[in-house]
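Using the hints provided, position chain W relative to the given structure of chain R.
Number of protein chains: 2
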Amino acid sequence: MKIFLAQQNYHIGNFENNTLKIINAIKEAKAQNADLIVFSELCICGYPPRDFVEFDDFINRCYAAIDKIKEYADTIGVLVGAPDRNLARNGKDLFNGAYFLYDKEIKAVQHKTCLPTYDVFDEYRYFEPAFNWQVVEFKGRKIAITICEDIWNLGDNPLYRICPMDILMQQQPDVMINLSASPFDYTHDEDRKATIKSNVIKYKLPLFYCNAVGSQTEVVFDGSSLIFDRDGNLCKEFPKFKEHLEGIVLNDDGTIDSPVIEPREMVPDQLLEPLQLSETLNIAQIHDAIILGIRDYFTKMGFTKAIVGSSGGIDSAVTLALACKALGKENVRAILLPSKYSTTHSVNDAEKLSNTLGNPYDIVAIKNIYDSFLNTLKPIFKDLPFNIAEENIQSRIRGNLLMAIANKFGYILLNTSNKSELATGYGTLYGDMAGGLGVLGDCYKLQIYELAKFINAEKEIIPENVISKAPSAELRPDQKDTDSLPDYAILDRVLYQYIERRQGPDQIKALGFDPALVDRILRMVNMNEYKRNQFCPIIRISPKAFGVGRRVPIVGKYLS
Amino acid sequence: MKIFLAQQNYHIGNFENNTLKIINAIKEAKAQNADLIVFSELCICGYPPRDFVEFDDFINRCYAAIDKIKEYADTIGVLVGAPDRNLARNGKDLFNGAYFLYDKEIKAVQHKTCLPTYDVFDEYRYFEPAFNWQVVEFKGRKIAITICEDIWNLGDNPLYRICPMDILMQQQPDVMINLSASPFDYTHDEDRKATIKSNVIKYKLPLFYCNAVGSQTEVVFDGSSLIFDRDGNLCKEFPKFKEHLEGIVLNDDGTIDSPVIEPREMVPDQLLEPLQLSETLNIAQIHDAIILGIRDYFTKMGFTKAIVGSSGGIDSAVTLALACKALGKENVRAILLPSKYSTTHSVNDAEKLSNTLGNPYDIVAIKNIYDSFLNTLKPIFKDLPFNIAEENIQSRIRGNLLMAIANKFGYILLNTSNKSELATGYGTLYGDMAGGLGVLGDCYKLQIYELAKFINAEKEIIPENVISKAPSAELRPDQKDTDSLPDYAILDRVLYQYIERRQGPDQIKALGFDPALVDRILRMVNMNEYKRNQFCPIIRISPKAFGVGRRVPIVGKYLS
Numbered sequence: 011m012k013i014f015l016a017q018q019n020y021h022i023g024n025f026e027n028n029t030l031k032i033i034n035a036i037k038e039a040k041a042q043n044a045d046l047i048v049f050s051e052l053c054i055c056g057y058p059p060r061d062f063v064e065f066d067d068f069i070n071r072c073y074a075a076i077d078k079i080k081e082y083a084d085t086i087g088v089l090v091g092a093p094d095r096n097l098a099r100n101g102k103d104l105f106n107g108a109y110f111l112y113d114k115e116i117k118a119v120q121h122k123t124c125l126p127t128y129d130v131f132d133e134y135r136y137f138e139p140a141f142n143w144q145v146v147e148f149k150g151r152k153i154a155i156t157i158c159e160d161i162w163n164l165g166d167n168p169l170y171r172i173c174p175m176d177i178l179m180q181q182q183p184d185v186m187i188n189l190s191a192s193p194f195d196y197t198h199d200e201d202r203k204a205t206i207k208s209n210v211i212k213y214k215l216p217l218f219y220c221n222a223v224g225s226q227t228e229v230v231f232d233g234s235s236l237i238f239d240r241d242g243n244l245c246k247e248f249p250k251f252k253e254h255l256e257g258i259v260l261n262d263d264g265t266i267d268s269p270v271i272e273p274r275e276m277v278p279d280q281l282l283e284p285l286q287l288s289e290t291l292n293i294a295q296i297h298d299a300i301i302l303g304i305r306d307y308f309t310k311m312g313f314t315k316a317i318v319g320s321s322g323g324i325d326s327a328v329t330l331a332l333a334c335k336a337l338g339k340e341n342v343r344a345i346l347l348p349s350k351y352s353t354t355h356s357v358n359d360a361e362k363l364s365n366t367l368g369n370p371y372d373i374v375a376i377k378n379i380y381d382s383f384l385n386t387l388k389p390i391f392k393d394l395p396f397n398i399a400e401e402n403i404q405s406r407i408r409g410n411l412l413m414a415i416a417n418k419f420g421y422i423l424l425n426t427s428n429k430s431e432l433a434t435g436y437g438t439l440y441g442d443m444a445g446g447l448g449v450l451g452d453c454y455k456l457q458i459y460e461l462a463k464f465i466n467a468e469k470e471i472i473p474e475n476v477i478s479k480a481p482s483a484e485l486r487p488d489q490k491d492t493d494s495l496p497d498y499a500i501l502d503r504v505l506y507q508y509i510e511r512r513q514g515p516d517q518i519k520a521l522g523f524d525p526a527l528v529d530r531i532l533r534m535v536n537m538n539e540y541k542r543n544q545f546c547p548i549i550r551i552s553p554k555a556f557g558v559g560r561r562v563p564i565v566g567k568y569l570s
Numbered sequence: 011m012k013i014f015l016a017q018q019n020y021h022i023g024n025f026e027n028n029t030l031k032i033i034n035a036i037k038e039a040k041a042q043n044a045d046l047i048v049f050s051e052l053c054i055c056g057y058p059p060r061d062f063v064e065f066d067d068f069i070n071r072c073y074a075a076i077d078k079i080k081e082y083a084d085t086i087g088v089l090v091g092a093p094d095r096n097l098a099r100n101g102k103d104l105f106n107g108a109y110f111l112y113d114k115e116i117k118a119v120q121h122k123t124c125l126p127t128y129d130v131f132d133e134y135r136y137f138e139p140a141f142n143w144q145v146v147e148f149k150g151r152k153i154a155i156t157i158c159e160d161i162w163n164l165g166d167n168p169l170y171r172i173c174p175m176d177i178l179m180q181q182q183p184d185v186m187i188n189l190s191a192s193p194f195d196y197t198h199d200e201d202r203k204a205t206i207k208s209n210v211i212k213y214k215l216p217l218f219y220c221n222a223v224g225s226q227t228e229v230v231f232d233g234s235s236l237i238f239d240r241d242g243n244l245c246k247e248f249p250k251f252k253e254h255l256e257g258i259v260l261n262d263d264g265t266i267d268s269p270v271i272e273p274r275e276m277v278p279d280q281l282l283e284p285l286q287l288s289e290t291l292n293i294a295q296i297h298d299a300i301i302l303g304i305r306d307y308f309t310k311m312g313f314t315k316a317i318v319g320s321s322g323g324i325d326s327a328v329t330l331a332l333a334c335k336a337l338g339k340e341n342v343r344a345i346l347l348p349s350k351y352s353t354t355h356s357v358n359d360a361e362k363l364s365n366t367l368g369n370p371y372d373i374v375a376i377k378n379i380y381d382s383f384l385n386t387l388k389p390i391f392k393d394l395p396f397n398i399a400e401e402n403i404q405s406r407i408r409g410n411l412l413m414a415i416a417n418k419f420g421y422i423l424l425n426t427s428n429k430s431e432l433a434t435g436y437g438t439l440y441g442d443m444a445g446g447l448g449v450l451g452d453c454y455k456l457q458i459y460e461l462a463k464f465i466n467a468e469k470e471i472i473p474e475n476v477i478s479k480a481p482s483a484e485l486r487p488d489q490k491d492t493d494s495l496p497d498y499a500i501l502d503r504v505l506y507q508y509i510e511r512r513q514g515p516d517q518i519k520a521l522g523f524d525p526a527l528v529d530r531i532l533r534m535v536n537m538n539e540y541k542r543n544q545f546c547p548i549i550r551i552s553p554k555a556f557g558v559g560r561r562v563p564i565v566g567k568y569l570s
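Residue numbers (the numbering used here), protein chains in the order written: chain R, 11 to 570; chain W, 11 to 570.
The list makes no distinction among identical chains, and a pair is therefore deemed to hold if it is satisfied within one copy or across any two copies.
In the DSS-like style, the derived pairs of lysine-lysine whose C-alpha atoms are separated by at most 27 Å in a straight line are:
1. K12 with K152
2. K31 with K567
3. K31 with K117
4. K250 with K40
5. K102 with K207
6. K315 with K567
7. K315 with K388
8. K149 with K212
9. K315 with K392
10. K315 with K339
11. K377 with K388
12. K418 with K350
13. K250 with K554
14. K567 with K250
No lab work stands behind these hints: they were computed from the structure.
Remember, predicted model here, so these are calculated numbers, not experimental data.
Isolated chain R, as found in the complex (with noise of 0.2 Å):
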C-alpha cells in the first residue's frame, strides 16, 4: 500500500486557498499511484482556528469543502482533519475529526481523544473528546487513525485518563496513522521523535505522522513529518519548515520500503537550556523558525514590505538580518533615529549594517521634537528633574515616526524587543515595545548573541562592534542596560528558570541565585504583565513563551 504524506501550510480560514491545495495533493499522489493520502490535523479550515469555530457559518464551510474535496477521493482514500458536529444531546457542539474519504463518500470519521488545552492550546474549549473508536478497514488492512496528542498520553503522568490507541488496539489494527498540528520548540525536535518510537514499541505497528507546516500568527508548525516502522526505526523524516508530499510502500508484511535512518545522538536535557545554545542544531532550529514566522505572517496578512527602527544595538541588528533573509532585503527598510544621547558608534555601526545586507536605510533625527516636547509641557513638568518620563518620551517619539512612515508607505513594523526584556518590563510601551511582530520576543537576550553568531558564522554581516558592546537603550547620557537590569547572564538563568520550568523562588534560590536577587526579579516579571498584555504577537520558539501560551492575572498579586 502506497502512503502519500502531504506536509503542508494552510492559511487559516482560507477555504478557497486550503482545498486548492488539498486536492493539487491528491491529483499529485493519484499520478504517482497512490493507495492513500494523508494530511494534517484541522487541514479545510487551517490550526489553530481558534473562536472561529464558534460560527455555524464557518463549520458549515468545512462540511463545504470537504463534499469538494470527496469528488476527487474516488480510487484513493484520503485523509483529512475538519471539525465535525455533536450529534449526541450532551457535551460540545464539536469534535476534532479526521474524515476518511474513498468512493467519493466520506467513509468514516474518527473523533480527536486527546484533548491539549494548555500552553497555546485550548482544544476543550471547542471540542468534546471522543467516546466512539472503530478502525478503519481499508484494502485489507485495519488502520488505527489517531489525531495528534492521542498518541502523546503515555510516561507515568499521562494527562489523559483515557488512551485511545490502548481502546484501538483491542481491533487489531496493522498500522496507525496520525494527523497532527504539532508545532516547534527548541525542544520538539527530540520529544517527536522520542515519543513516536515510544507508541510504536509499545503496540508494535508501524506508525504514519502527517505534520502541519508552517506559520500561524505566533505559533510556528515544523513539519517534520515521520514514518517509524514496527520495529522501532525511524524510515523517513520530511523536511523542517517547508511543504513536502511523498508517498511510501507499507509492505504487505508490516515493513516500510524505506532505508532506516540512523537516529541522531540525543541531546541531553539539560543541554538545551537556553544558555548553552550554541548548539548547532538548535540555534540553526530557532533561525528557520523565525523565518518562517516572519515570512508566514506577512504572506498570510497580505503585506510584503517591513520597517524596523535600527539603533546599533545587536536586538535590531539581529531582527534586521532575519526580515531580509525572510523578505528579502528591498522590501525591508531600516530607519535610525539618533537621540541627542546615542553614540556616534550606533549610527555608524546601523549604517554599517544595512550596507552589508545591502537594505534601503533612512537618518531621522529625534531631537526638534523632542524639544518640542520639553516646551509643550514646560507649564505642567515645571522644573521637575529629567526622569523615566523624559526616558519614555524619546522612545515613543521613535516609535511614532516608525509608525508614521508605515503608515504613509505600507510598511509593517517590527518589533525587536527580546524576552528578557520583555520578561522585566524594560521596554516602553507604545515606543520600542510598538510594533505588528514581535520578532525576538521569545529569544533571551543572550540567545540573541547566539543567533547574530549564526547569522555571521559564514561572513560578517552583523558589524562585530554590535556584538561585543553593552547594550543600552541610549536615552541619557552614558545609560547601560546594567544600571537597571542584573547582568543577562544571571537575570537570563534566573527567567529561564522561572518562565519555561515554573520554579518558585525557593526552588531558584536553592540553585544558588542571590535571593534578594532572585525576589527582584520575579516581582520585575510578576509586576511587568500589564506590559506584555498590550505587546504584539512574538514568534514562539521556546516551550514557554510570553503571549497566547502564557496567561498570568494583571491585577494578581503573587511574588509583585
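Using the frame of chain R, we list chain W on its own:
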C-alpha cells in the same frame, strides 16, 4: 442550622489579604452563632488564578492558607474553595476543590465536575474533572456540595456529559450548597436566578449559593448570592457589587427562615439587546459594574490616580464621569489636547464637563509638536498628500503626552475607546488606543449614549451638547465618524449579531441589513484583530467582550 454566606472580594495571589478576610468572617459568623459558613469558589487564591496555579509554589501557599484557616474552624463548619492536587496517576495535576473544614481538620474535599472552558473561562487548562462525589454529613444534615458550573448543566443541550447533582442525589442530601465565582454580564442576573431555581425544582432541595464579588482586571464578579427554599422561592438575595456577610437559618423541616421575595418581572431576552438598553435595571447594573471595575483595578494594582484625555466627545466625557465616581474627582486629571482641527466647542464642552465634575484639568495644544513631526518627516514624506498617516501622528502625539504626564506624576491612563470603534479598527494604535484599562471597551456607541443619559438622570453632568453633536475624531477638517463608518444605529446592530450572537453573514443579511454593508462590517472586524490584540484589558459587561474571552486568529482569512 444557621448558615452564613460570605460574599467577599479577593485579590488573586494575595494570600495574606484573602486569608485575613476569611478568618475575620469566620470570627464574625461565630459571634453570631453560626453553624456553617460558606465562601466562594477558589477564595483562598482568588478567582481566576490563571497560570499561577502551574507553580507548585502557588499551590503550596494555598495549602498553607487552609492550614491556617482550619484552626478557626473549631465549632463552626467552614466551606472554602481552593485547588487540590490530583494524586491519581492519570489526568491533570489539580482539581478545583471545595474544602469542608471542621474540628480544626479538613473533613472532606469535593472537586468540581463541570469545568467551564469557553469565553473568559479556562478551567480545563488547569483542572481534572471530579470523578468522586460524596455528600458531607454535618450536624445531622447531608449536604450536597457543588462548585459554580456544576449546577449549570441543565437544559436541552447540556454542555457536559456528567451532571454531578444527579449523582449526589443517590445519597439523599437535605440541602445543596454551591460555591461560585460567576461573573457579571448584563444578561446574567436573570439567567442565574432561572438556573438556580431550575435546580431547586428538579432536586426539590433548598439551595445556598455563595458568589464572589469584585473585579479581577477585566472580569467583574457581581456577588448577588442567593438562597432558595425547596419550593423554588427566592428567600434571600445579597446586594450586587458589594461585600456582604449574613446568616440564614435552614429549619429542621427544610424550610428557610426568611420571607419569600416576590420575583421581579422577567425581562424577555430581546429586551436585553444593546439597542434597547434604556431598560433602567440593566443600564444601572452596567454603570455599577464599570465603577467597580475601575475601582478594583486601581486598588488591586496599588494605584490611586487616573488621567484621561478629554476631547469634548461623549466617550471621554462618560469615562471621566465614571472615573470621578470610582476614584474621587480629586484623583482624576483631565488633559485637553486640542489640535488645529479641534473645534472651539470641543474645548468648551470638555472644560464645562470638568468644571461640573470638579476634577483638575489642563489644556495642552499639540500644534507645535505636530509641526515639528511634519518638518522632521518632510525629507521622507516630501509632497505626498495628507492622509491617515498624519491623522495617526496627531493621535499618537496625544498618547505620548498623556503617558508622559502619567509617567511624571504617577497617573494611570484610562482608555476611552468604545466597542464599536474597537470592532471596526476605528482608532489609532499607541494613540487613542493607549491606556492601562479600557473603561468603555465593552460598550457599543449606542450604549454609551444610554450611560450618558443615566449619568445625567438627576442633574446635567455631561453637557447636553456633548450628547447631541455628531461624533468626530477631529483629526482633519470637518471630519465625522460617519465619513468612515456606517451610522452607529446600523453598525451596532450588525456588530451585536456578529460578536455577541455569533451569527454568520447570511444570517445577518437575512435580518434585512444591506448585504454589501454587512460584508464590509464583518471584514472590518476580522481585519482589525491585530489592533485589538494590543489593546489594554476591557471591563467586561456583555456576554462577549473583546479580550481574554474572544480569541480569534490574527492571520486568519475568514470573511476578511
